[in-house]
Structure formats: C-alpha cells, structure tokens
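A.B. asks: Model the full assembly from the supplied sequences, consistent with the hints where possible.
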Amino acid sequence: MSGIGDKANDFLHSDKGEKASDGVLDKAADKVDSATGGGHSDQIDKAQQAADGKIGS
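In my numbering, the protein residues as written are 193 to 249.
Incorrect hints may have been included.
[As the list claims (entries may be wrong)] Subject to a maximum C-alpha distance of 30 Å in a straight line, what follows is the list of computed DSBU-like cross-link-like pairs (lysine-lysine):
id, residue 1, residue 2
1, K223, K199
2, K238, K219
3, K238, K208
4, K246, K223
[Said to hold, decoys possible] For each label pair, taking beta carbons as the anchor points, the in silico distance ranges come out as:
id, residue 1, residue 2, range
5, D237, S194, 33 to 41 Å
6, K199, G245, 17 to 25 Å
7, K246, I196, 16 to 24 Å
8, N201, A242, 14 to 22 Å
9, G197, A243, 17 to 25 Å
10, G245, K208, 17 to 25 Å
11, I196, G230, 35 to 43 Å
12, Q241, A200, 18 to 26 Å
13, A242, D207, 18 to 26 Å
14, S194, A227, 34 to 42 Å
Since the hints were derived computationally from the structure, they do not count as laboratory data.
Cβ coordinates follow ideal geometry from the N, Cα and C atoms, glycine included.
C.D. replies: Have a look at this one:
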C-alpha cells in the first residue's frame, strides 16, 4: 500500500500533478464561492491558497 502513497505523492509534486490539483482547488473554490453568494471570497481564497501550499510543490 505504501507504494501507492508514494506514487500519489510523486504525482502531486510533478508539473502535471500541480496543474491537476490547482484545477480541482479552483473548481472547489468557485463552487463554495457561488454557494455562499460571493460573501466570503477573501476567506475562500485564503483557504484555497493554504490547501495549495499543503498539496502542491
């Protein structure tokens, strides 16, 4: 099982993985922003950046 985790980690730290994770985070942030009527855009942006910092390279 650890081999799968290592492969996922390697993928996330590649250019292709970075683009994929950025796309997912962008879509999620857009959905949350839409669901909240745009009233929490600053907080959503901060959370997106924090998540990207943890996931991305």
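A.B. asks: The structure should be examined with respect to each hint, and the outcome stated for every one.
C.D. replies: Checked hints:
1. Proximity of K223 to K199 is assessed by CA-CA distance (about 29 Å); at most 30 Å being required, the pair is judged to hold.
2. Between K238 and K219, the direct Cα distance comes to roughly 15 Å. Compliance with the 30 Å bound is thereby established for this hinted pair.
3. Of the supplied pair hints, the one linking K238 and K208 holds, its CA atoms being roughly 23 Å apart against a limit of 30 Å.
4. The straight-line distance between the Cα atoms of K246 and K223 is roughly 20 Å, inside the 30 Å bound, and the hint therefore holds.
5. Distance hint check for D237 and S194: the Cβ-Cβ separation is about 34 Å, which falls inside the suggested range of 33 to 41 Å.
6. At roughly 22 Å, the beta carbons of K199 and G245 sit within the given window of 17 to 25 Å.
7. Evaluation of the 16 to 24 Å hint for K246 and I196 yields a pass: the beta carbon distance comes to about 19 Å.
8. A hinted range of 14 to 22 Å holds for the C-beta pair N201 and A242, which are about 19 Å apart.
9. Checked against the given bound of 17 to 25 Å, the beta carbons of G197 and A243, roughly 19 Å apart, stay inside it.
10. For G245 and K208, the Cβ-Cβ distance of about 19 Å falls inside the hinted range of 17 to 25 Å, so the restraint holds.
11. Between I196 and G230 the beta carbons are some 38 Å apart, a value that agrees with the proposed interval 35 to 43 Å.
12. Restraint check, Q241 to A200: a C-beta distance of roughly 22 Å satisfies the suggested window 18 to 26 Å.
13. At about 21 Å, the CB distance of A242 to D207 agrees with the hint of 18 to 26 Å.
14. Between S194 and A227 the CB atoms are about 37 Å apart, so this pair conforms to the stated range of 34 to 42 Å.
The structure meets every hint from the earlier list without exception.
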